[in-house]
Every structure is written in structure tokens, then in C-alpha cells.
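First to last, the protein sequences are chains A and B.
All letters in the first sequence, in the order written, are residues 4 to 233 by the numbering used here.
All letters in the second sequence, in the order written, are residues 5 to 93 by the numbering used here.
Errors might be hidden in some of the hints.
[Unchecked claim] Only some residues are given here: those of chain B computed to face chain A with a beta carbon under 7 Å:
{"no.": "1", "residue": "R15"}
{"no.": "2", "residue": "D18"}
{"no.": "3", "residue": "A33"}
{"no.": "4", "residue": "D37"}
{"no.": "5", "residue": "L40"}
{"no.": "6", "residue": "F41"}
[Said to hold, decoys possible] Distance ranges between label pairs, derived from CB positions:
{"no.": "7", "chain 1": "B", "residue 1": "R15", "chain 2": "A", "residue 2": "L101", "range": "31 to 37 Å"}
{"no.": "8", "chain 1": "A", "residue 1": "V200", "chain 2": "B", "residue 2": "I85", "range": "49 to 55 Å"}
{"no.": "9", "chain 1": "B", "residue 1": "A80", "chain 2": "A", "residue 2": "L204", "range": "39 to 45 Å"}
{"no.": "10", "chain 1": "A", "residue 1": "P189", "chain 2": "B", "residue 2": "A17", "range": "36 to 42 Å"}
{"no.": "11", "chain 1": "B", "residue 1": "G83", "chain 2": "A", "residue 2": "S17", "range": "57 to 63 Å"}
{"no.": "12", "chain 1": "B", "residue 1": "Y27", "chain 2": "A", "residue 2": "A174", "range": "21 to 27 Å"}
{"no.": "13", "chain 1": "B", "residue 1": "R15", "chain 2": "A", "residue 2": "G213", "range": "46 to 52 Å"}
{"no.": "14", "chain 1": "B", "residue 1": "G83", "chain 2": "A", "residue 2": "M215", "range": "25 to 31 Å"}
{"no.": "15", "chain 1": "A", "residue 1": "S132", "chain 2": "B", "residue 2": "R16", "range": "30 to 36 Å"}
{"no.": "16", "chain 1": "B", "residue 1": "A80", "chain 2": "A", "residue 2": "A227", "range": "26 to 32 Å"}
{"no.": "17", "chain 1": "B", "residue 1": "L21", "chain 2": "A", "residue 2": "R129", "range": "16 to 22 Å"}
{"no.": "18", "chain 1": "B", "residue 1": "G34", "chain 2": "A", "residue 2": "L204", "range": "29 to 35 Å"}
Rather than coming from a laboratory, the hints here were simulated on the basis of the structure.
Glycine is no exception: its CB is placed at the ideal position from the N, C-alpha and C atoms.
Letter by letter, the chains look like this.
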Amino acid sequence: MTLAGTFAPATAPSPLWYVDRSAGEVSLLLLSAVVVVGVLRAAMPAARPLLVEGLHIRLTAVTCVFGVVHAAAAVIDPFAHLGPLDALVPFASAYRPLWLGLGVASGYLFAAAVLSSWPVRRLPRRVWSAVHRLMYLGWLCALVHALGTGSDSANRLFDLLDLTAVCGVLAAFLAYRVAEGINRKPALWGSLAAVAVLATLSILLWAEQGPMQPGWAKVSGTPAGFLHGG
Amino acid sequence: MSSISDGHVGRRADRQLLRRATYGTIAAAGVLDLILFAQVGGLPAAPTVQDGLLSMASAFLPGAPVRAPAARPTAAPPGAIPVATSHPS
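Okay, chain A solo, but in the shape it has when bound (with noise of 0.2 Å):
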């Protein structure tokens, strides 16, 4: 258990700190496969529900056992000595308070989609659906984290990962669900793809004049002891 002020590095990454960052990168990946497959899903109902819907979920259940690993191995790492608290309360965390805090966050609107809808819906449609949207905010919430925990924003094959689910799941919201939607409320859909695509600029122009950049464990919020002793 750690939080804020009572952090101790231990002096060398053990196989579980790599297990963490691994499984994270993969776990996007997934949420965003997740994401693309369930914007497919809302835009064409009926083209191949089966299919469609059963990936949908089977994607999903992999996606929370790889989220499941990345959580426990960060909490049970001793390196960067995060604690359950760390993983269950965003932002009070003495490592990367904020970033760390987003994959927290990104984490219970997963949950909330998930439970709200396995093994049967258990809100009102409209209730559900607002529940499901907010996976927008959690794959974002998830990106973000990825890129600004940093330990591996500057190495190449996880930003071509990254850039991947980036353009993914861009890709799949404007081609089907603002297609989809742009011919009934041109305004709202119009707006909408527009924020998505300014805020999908704005991470990626973040990422490279951030995490990106050599120094960004400091400015990160990386406690002192661990810049210095690991």
C-alpha cells in the first residue's frame, strides 16, 4: 500500500515491472479493437449480429484478463512500490500521479461498461447506452495514460502501436458511426467528428513535444528517489 509521500524505489526493475508495461501496451490495443468493433456494431445493427457482436465481446473478456494482468503486476511489482490503493484510487498516487490516476479512471468506465452489460443489460436503454458512450472517454482516458506514464513513449515500436489504435479507432468513428449518423443530425455528428479529430491532434502533438521528449519522468511526476535510485 502506497500513496502519496510514503515512497521507497527499490533499486532495480524486476521481470514484473516489464510484465506491467507489456501487458498495458497490449491491453490498449485491445480496448481499442474493442472500441472499433463496437462502433461497427452501433452504426450497422444488422450486418452480421452474430459475428459482430459476439467479437465484440469475446474481444472484451480479453481485453479485462490482459487489463487484470497489468494492474496486478503493477501492484505487485516491488520497483515502482505501488500499492492497491494506487490501483483503485485515481490520482492519489505518489508515482505519476496523474497519469497513472487516468488508467485508473479509464479502468471503472471499463468496469461500469462491462457489468452494465454481462451477462445481461441491466439498465435502460437509454441509461446503457449513455453508460457504453463513456467507453470513449475511457479508451481516451487509456491512450492518454499509455503515453503519458512514459516509461515508453519514446520507444519506437510502442508509438506504432499506439499510432495504430489512434488511427483505428478514428478511422472506424468517422467511417461508420458519423457516416451513419451525419445524414439525420448533420450538426451534431459534424461537431462531433470534429472534436474528435482535434482531440486525437492534440494528444498526438502532446505526445511528441511531451512524453516524447527526453526528461519527461521528471516532469511526469516520477517521486525524486526513483529518478535518482533506480
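Based on the hints, put chain B in the right spot on chain A.
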């Protein structure tokens, strides 16, 4: 009758496709996790795997992986005559 049969066949094909997609996703996620684990952990196989993936990416994005030259450029020796070139077109 024919459409019912077609629908049944279509559903069965979808189930098979779904099963394959599920196994494929699990396998791909597992392999990618291992690759990323090897890379962040600095294991010996990691650079080769990364180079392979980047090569595959460059096949779709020509010119993307611009690499630094093996040796830094050096100054011309004193007295060397500059040569101007132009594109043939």
C-alpha cells in the same frame, strides 16, 4: 425453405469465423505481449523482433523508418573542388 437453410449455414459460418477470430486474437495478443516484454526487459532477442516488425511496417509505409547513416559526414579536405550536380529532369 432455401432461405432458412441459407440462414442456418450463414450462422454456422459466422460461429466458425468467430471461433477462429477469438483464438487468433488470443494468440496474437500473447505473442505481442511476449515481444513487448522482451523489448522492455532488454532481452537479447528483442532487437531482432523489433527490426522485423518495423520492416513489416515499412512495407506498408515506404520511407517511414529513416535510419541515421553508419558514419558521420566529414569535412572535405583542404583544396577540394566543389562539384555541382542537378537532377536530370
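Going through the hints against the structure:
1. R15: Where the cut-off is 7 Å and the nearest Cβ of chain A is about 6 Å from R15 (chain B), the hint holds.
2. D18: holds (4 Å)
3. A33: Where the cut-off is 7 Å and the nearest Cβ of chain A is about 5 Å from A33 (chain B), the hint holds.
4. D37: holds (5 Å)
5. L40: Check passed: Cβ of L40 (chain B) comes within 4 Å of chain A, closer than 7 Å.
6. F41: holds (4 Å)
7. B:R15 to A:L101: 31 to 37 Å: Distance hint for R15 (chain B), L101 (chain A) is violated at roughly 47 Å.
8. A:V200 to B:I85: 49 to 55 Å: holds (53 Å)
9. B:A80 to A:L204: 39 to 45 Å: holds (43 Å)
10. A:P189 to B:A17: 36 to 42 Å: Since the Cβ atoms of P189 (chain A) and A17 (chain B) sit about 38 Å apart, the hinted range of 36 to 42 Å holds.
11. B:G83 to A:S17: 57 to 63 Å: Because 60 Å falls inside the window, the suggested range holds.
12. B:Y27 to A:A174: 21 to 27 Å: With Cβ atoms ~26 Å apart, the hint holds.
13. B:R15 to A:G213: 46 to 52 Å: holds (49 Å)
14. B:G83 to A:M215: 25 to 31 Å: Between G83 (chain B) and M215 (chain A), where Cβ atoms are some 44 Å apart, the hint is violated.
15. A:S132 to B:R16: 30 to 36 Å: holds (31 Å)
16. B:A80 to A:A227: 26 to 32 Å: About 48 Å separates the Cβ atoms of A80 (chain B) and A227 (chain A), which means 26 to 32 Å is violated.
17. B:L21 to A:R129: 16 to 22 Å: 32 Å Cβ-Cβ, so the 16 to 22 Å window is violated.
18. B:G34 to A:L204: 29 to 35 Å: holds (33 Å)
Comparing the model with each numbered hint stated earlier shows that hints 7, 14, 16, 17 do not hold.
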